[in-house]
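S.K.: Here is what each chain is made of, one letter per residue.
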Amino acid sequence: GAGVSQSPRYKVAKRGQDVALRCDPISGHVSLFWYQQALGQGPEFLTYFQNEAQLDKSGLPSDRFFAERPEGSVSTLKIQRTQQEDSAVYLCASSPIKGGTDNEKLFFGSGTQLSVL
Amino acid sequence: QQQVKQSPQSLIVQKGGISIINCAYENTAFDYFPWYQQFPGKGPALLIAIRPDVSEKKEGRFTISFNKSAKQFSLHIMDSQPGDSATYFCAASIGAWSGGGADGLTFGKGTHLIIQP
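Keeping their order, the protein sequence lines are chains A and B. Counted from 1, the first sequence has number 27 at position 27 by our numbering; the numbering is strictly sequential. Residues are numbered in our numbering as their position in the second sequence, beginning at 1, plus a constant of 1000.
Calculated from the structure, these hints are not laboratory results. Just to be clear, a hint being listed does not mean it is correct.
Capping the alpha-carbon separation at 30 Å, the derived lysine-lysine pairs in BS3-like fashion look like this [unchecked claim]: (1) Lys-14/A - Lys-1042/B; (2) Lys-1042/B - Lys-78/A; (3) Lys-1109/B - Lys-1005/B.
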């Protein structure tokens, strides 16, 4: 595809439900990042993959958050037992650069807006 | 502690005017300072970035001014146009690292810019 694709675009969940958010990175991009953007805030880092390896998950706010990228392309961010404070836009970004150290080649998707009621 | 402070929170500028957004940072180890533009419903897109070896960088109507001693940098948009209306985020990192941790990409809270026709 032409860019980073995320689905669903919007997700409404009842508190306590599990949700799964999908990211299709740009083809061939080895690095993949997830960010959380709360209303009126800048994005905050959640986790980083290089191919299928999750090299950094220091930003995941709790053990209810889990991310995977089993074949080194599509990634899924799963949130278990959602809480109201999980409401945010979840952004995925990919980069062709191994190690994620060239921010100028980082491309963001449009995000999934999660609302937990 | 907020590592990157951005102001103003919102800004209204007349068409053709100059838009100025300011950021201040705490971590003196930061060595990469990008600005992102985000339209409603879209992910952030890199606009322009600077490293501390120069005091100014210009790309078209967009200029970053950097003051290392004051730990401040700013975005100037010349001849502002209605199409520039968006939210602008400054950010900082060490080594252009897009991920987390102390080196990671740290965003300001954003400035909502409106250009009036």
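S.K.: None of the hints should be skipped; say for each whether it holds.
M.R.: A quick look at each hint next to the structure:
1. For the hint linking Lys-14/A to Lys-1042/B, the alpha-carbon distance of about 25 Å falls within 30 Å, and the restraint holds.
2. Restraint check: the Cα-Cα separation between Lys-1042/B and Lys-78/A comes to about 21 Å, which is no more than 30 Å; the hinted pair holds.
3. Note on Lys-1109/B and Lys-1005/B: the hinted pairing holds, with a Cα-Cα distance of about 7 Å set against a maximum of 30 Å.
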